[in-house]
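Got chain A sorted already, so can you dock chain B onto it with the hints?
As a plain string of letters, each chain reads:
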Amino acid sequence: MSEKTQENSLKGRIQGFVKTFGLPRLIITGFLILLLIVAPFVGADLPTQISNIINRFSWNGILVLAMVPMVHSGCGLNFGLPLGIISGLLGATMSIEFGFTGSMSFFMAALLATPFALVFGSVYGWLLNKIKGGEMMIATYVGFSSVSLMCMMWLLLPYHSPNMVWGMAGKGLRTTISLEGYYTQALANILQINIGNLSIPTGAILFFAILAFAMWAFLHTKTGTAMTAVGSNPDFARSAGINVDRIRLISVVMSTWLAAIGILVYEQGFGFIQLYMAPFYMALPAVSAILIGGATVNKATITNVIVGTILFQGIVTMTPTVMNNMIHLDMSEVIRIIVSNGMILYALTRKTEGTK
Amino acid sequence: MENAPLLEMRNIKKDFFGNQVLTDINLTLKPGEVVGLVGENGAGKSTLMKILFGADVIRETGGYGGDILINGQKVNFQSPFDAIAAGIGMVHQEFSLIPGFTATENILLNREDKKRSVLSYLFSDRLDTLDRKKMNENAAEAIKKMGVNIDQDMKINSMPVGHRQFTEIARELSKEQLKLLILDEPTAVLTEKEAEALLESIRGMSKRGIAVIFITHRLNEILAVCDKVVTMRDGYVVNESPAGETNVKEITQWMVGKSIGDDVSSQAREEKDLNRKTILSVKKLWVDMPGETVRNVDLDVQEGEILGIGGLAGQGKLGIPNGIMGLYQAGGEVTFAGESIPLNSPRKCLDSSFAFVSEDRRGVGLLLDESLEWNISFPAMQIQNKYLKNYLGGIIKWRDEAAIKEVTDKYIDELKIKCQSSKQKAKELSGGNQQKVCLAKAFALEPRLLFVSEPTRGIDVGAKALVLDALKKFNREKKVTIVMVSSELEELRQTCDRIAIVSGGKVAGILPAGEDREKFGELMLKNC
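Protein chains in written order, with my numbering: chain A, 1 to 356; chain B, 1001 to 1528.
Just so you know, the hints here were simulated from the structure itself, not pulled from any lab data.
C-beta: ideal position from N, C-alpha, C; glycine also.
Some hints here could point you the wrong way.
[As the list claims (entries may be wrong)] Pulled from the structure, derived: some chain B residues nowhere near chain A, Cβ distances all over 10 Å:
#1 1113
#2 1124
#3 1132
#4 1360
#5 1368
#6 1370
#7 1382
#8 1385
#9 1406
[What the hints assert, rightly or not] Okay, derived cross-link-like pairs now, DSBU-like style, lysine-lysine, Cα gap no bigger than 30 Å in a straight line:
#10 B:1114 / B:1013
#11 B:1228 / A:299
#12 B:1405 / A:299
#13 B:1472 / B:1506
#14 A:19 / B:1427
#15 B:1050 / B:1207
#16 B:1425 / A:11
#17 A:11 / B:1526
#18 B:1397 / A:299
#19 B:1397 / A:222
#20 A:11 / B:1423
#21 A:19 / B:1425
#22 B:1030 / B:1144
#23 B:1134 / B:1155
#24 A:222 / B:1405
#25 B:1013 / A:132
#26 B:1410 / A:299
#27 B:1427 / A:299
#28 A:132 / B:1427
#29 A:132 / B:1207
#30 B:1386 / A:222
#31 A:222 / B:1193
#32 B:1249 / B:1277
#33 A:130 / B:1348
#34 A:299 / B:1389
#35 A:222 / B:1418
#36 B:1526 / B:1277
#37 B:1418 / A:299
#38 A:222 / B:1526
#39 A:222 / B:1155
#40 B:1423 / B:1464
With the rest of the complex left out, here is chain A (with noise of 0.2 Å):
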């Protein structure tokens, strides 16, 4: 009898574990576990693999916690994110060319990026306040003419610093600039792990897990609250005497300087500045990587956006190394992008609402 009960208490308990965790998630997860065994059977290197993605998890992490106070606040997914990341840009180049070098450069970056994200951010939400309803196809067209923008900007701002601008001409911005010197791996270098071939970039990582923590605490306070039942049901927080404008004002703010600093952690792990479209590749990732998660359009949390940047990550990059070293020929630019899209297009019709 006893006996009986505990099975069924545990049945109940993994039934409550796939509820709350959700099936799309345990699928996705079973594939990472599955390519995770298969690579060395293949002669991929297990610990280069999965230094491979904890190293993307602390570039990507904080462009995906970017979603959240947007989401909180009921304006949907930061399609719009190219605009913050283009304010991070503007800082990066900013601090280049004013010759900060080192771990200095990456402070004056985050630095010199904020007021740009504060100013495009409440453009951006005073923008967002006007039609409420249609908000993420407007961020979508938001992210496009920033971009495009900014691809006339990058070569007319007058930047002089050698390291950045085109070399015959001596003007305008090169497409890709090298952080050697810069701020390259300013992040990870604090406290960095490692064991043979694995290596754990421990700053980057507590980096992100301050931004994360403090996003955790601001949603326990009394905006961060107001933020919530605004997103919510806007109606009730009006009827609360909440500004509704304000609170979406805010929160479009911080996804906006989220988004530049998160460009600015992405690129001290990567190495490099792109400048021009790449800003646009940008915000699909972190979409997808927030829905896969386990976010909805107006309900996300610190959870969904590790969890979630684990698993894409972990996808994106695995599946190309296994597939390429089953079929030993070099198709992982193929794979990645067919990979990559593939779990975007996957990830936007998990798109879920809540009540209304």
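Positioned in the frame of chain A, the structure of chain B alone reads:
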């Protein structure tokens, strides 16, 4: 079977999820007969007509009981199309017209006269062209049948409201098979002269043998045009009599319940001292709330009382609290305890210690996706900084989960909210319990003035009593002034000290709750 009535409804029953709304309705109608159907809101008139018209909502909610016979034949309409085919036409309260089309086009929509063309020979008759001339003739004939002249080439969106209503009626009349026409409050939007014309056209229809079911709140119209008056109350037909043998007063009595003896209200309430000072004074209030427009309301609320606001739906009673609380555009003067309260700002009202329980429970009243704790504590937290812990000299205001749980548990206990825990999501509760959560939310604000709007809408009898008792207790123990809006007169009479009746966007009169039901009934219909 020669003299079978045109329509016979036998023992019609209908419940919505166990909530009985119609019980044993019998109704017969001869060709050319005009029947007036009256009753308060929620008496079941619209539901009965929906059953007759085969509306989808009836089938989706489990069908109905009883039989409908047309010309002695039992019918069971699966959709409005079946009903139309059987010769039933309906003019709805809300217009179903296409604004950019002319009257002719609307009248003959989907029944246009057509001409064959080359393309339609080649492909299908979907490519026929419209025979405009014939259409104009047909529309003109329908308009003539109606007896009211409207411009058939005018587009609907440039027509006055009354003409739109006539276009709908003409559309029904243009159907040749029409035998029975249902008019659901057609005169509500008409001017007196237009209404007169409509009544004339009803008489004309009746002469041509078309039976009419006429639903309205204007009792004089019923008496003027109908052969028979059927009064409904709480899902029963309470009276059926020839129009010639009754009068407005009698019908009003039937509508609101004539049993004056069983007056629960006066015995249940202890006498309160009535010479109290005015705490809230509303002057020349207008509120632009769709469907509940408030035109010119002057109202004084006395300290410590429960003031009821009653009236028929659409007359503006819901607009009053919504307008004062700033949820809809409003104007006028509101003074509370000597201080002027700015309108159109929910925050200012809440800061002046008002609280509001909205009639739109799911839309405005609750955070459906959040826990009960959030729902109950949120306004108090945001407005009064309750349930917060301050760090760094107040820069960081941290949610105090323990205090939130404590207050939620307190109200769950006090109001007997049925739930698994205070962490349960609001959407998982039943309607009655959700309503209690809304009350708890307002109570947690510890207001001096509480507006409650339709507190018992859509909840069962047991929960109703609990909610009303909670309000009375709150009023008595915390000395809170309550303004309660409800469409159920009986409930107001049980709960309130005084009742203001709103009609046509104005206060038609204020009576003590113990007053006779008919007097309230008269006020309700005063400005309609």
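Given as non-interface: residue 1370 of chain B, which should sit over 10 Å from chain A by C-beta: violated, 6 Å
Restraint status (C-alpha distance of residue 19 of chain A to residue 1425 of chain B at most 30 Å): The given pair, whose Cα atoms are some 16 Å apart, holds under the 30 Å limit.
Is it true that the CA of residue 1397 of chain B sits at most 30 Å from the CA of residue 299 of chain A? holds, 22 Å
Pair hint residue 1030 of chain B and residue 1144 of chain B, alpha-carbon separation not exceeding 30 Å: holds, 24 Å
Against the 30 Å threshold, does the CA-CA distance of residue 130 of chain A and residue 1348 of chain B hold or violate the hint? Roughly 24 Å separates the two Cα atoms, so the pair holds.
Sort out whether residue 222 of chain A lies within 30 Å of residue 1397 of chain B, counting only the CA atoms. The hint holds at about 6 Å.
Given pair status - residue 1207 of chain B, residue 132 of chain A, alpha carbons within 30 Å: Not satisfied, since the Cα-Cα distance of roughly 55 Å exceeds 30 Å.
Residue 1114 of chain B and residue 1013 of chain B were given as a pair; does the straight-line alpha-carbon distance stay at or below 30 Å? Between residue 1114 of chain B and residue 1013 of chain B the Cα gap is close to 43 Å, so the pair fails against 30 Å, i.e. violated.
Was residue 1113 of chain B rightly flagged as not at the interface, with every chain A Cβ beyond 10 Å? The assertion about residue 1113 of chain B holds, with a minimum of 42 Å to chain A.
Does residue 1193 of chain B lie within 30 Å of residue 222 of chain A when you go C-alpha to C-alpha? violated, 58 Å
Holds or violated: residue 1418 of chain B with residue 299 of chain A, Cα cutoff 30 Å? Answer holds: residue 1418 of chain B to residue 299 of chain A is near 26 Å, not above 30 Å.
For a C-alpha distance cap of 30 Å, please report whether residue 1425 of chain B and residue 11 of chain A respect it. Between residue 1425 of chain B and residue 11 of chain A the Cα gap is close to 24 Å, so the pair holds against 30 Å.
Violated hints, in rising order: 4, 5, 6, 7, 8, 10, 11, 17, 25, 29, 31, 32, 38, 39; the structure is consistent with all others.
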